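Produce the entire structure from the sequences given, and follow the hints as far as they go.
So the sequence shown is numbered by UniProt numbering: it starts at 1 and just counts up by one.
Hints in this document: simulated from the structure, not taken from any laboratory.
Don't take each hint at face value.
To be verified - Pairwise CB distance ranges (calculated):
id, residue 1, residue 2, range
1, 51, 106, 23 to 29 Å
2, 99, 9, 17 to 23 Å
3, 71, 111, 30 to 36 Å
Quantities reported herein were computed from a predicted structural model and do not represent experimental measurements.
Glycine is no exception: its CB is placed at the ideal position from the N, C-alpha and C atoms.
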Amino acid sequence: MRITGSCHCGNIAFDAEGEFDTAMECNCSFCRRKGVLLAFVPRNQFQLATSRANLSSYQFNKHVITHYFCADCGIAPFSEATMPNGTEMAAINLRCVPEIDIAALTVTQYDGASR
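What follows is the structure, given as structure tokens:
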């Protein structure tokens, strides 16, 4: 399935290819505050459709995930990370994808608060 998403103001937009019927909800202090529902795809299945000029980023804890957000509206549409095996991944905030039926997702809880 091909999806398109964006931040609130549209300055950050993306396309991605993958299966988007499941999501992960993390309870770490950052994800809990953002309220994201995440789906993961290999980085080569994720394309930024807008310039990176409007992106701001944030890292915390072990600095292995780069959380991106729009410098204008503050919405966080995606993150990027390299897995321990070297695979580059994109974590997509499915709440930023209008065609996703959030209520139909199978949501898995992830205990990021304990890690």
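Outcome of the hint check:
no.: 1; hint: 51 to 106: 23 to 29 Å; result: violated (34 Å)
no.: 2; hint: 99 to 9: 17 to 23 Å; result: holds (19 Å)
no.: 3; hint: 71 to 111: 30 to 36 Å; result: holds (31 Å)
In this structure, only the earlier hint numbered 1 is contradicted, and the remaining ones agree with it.
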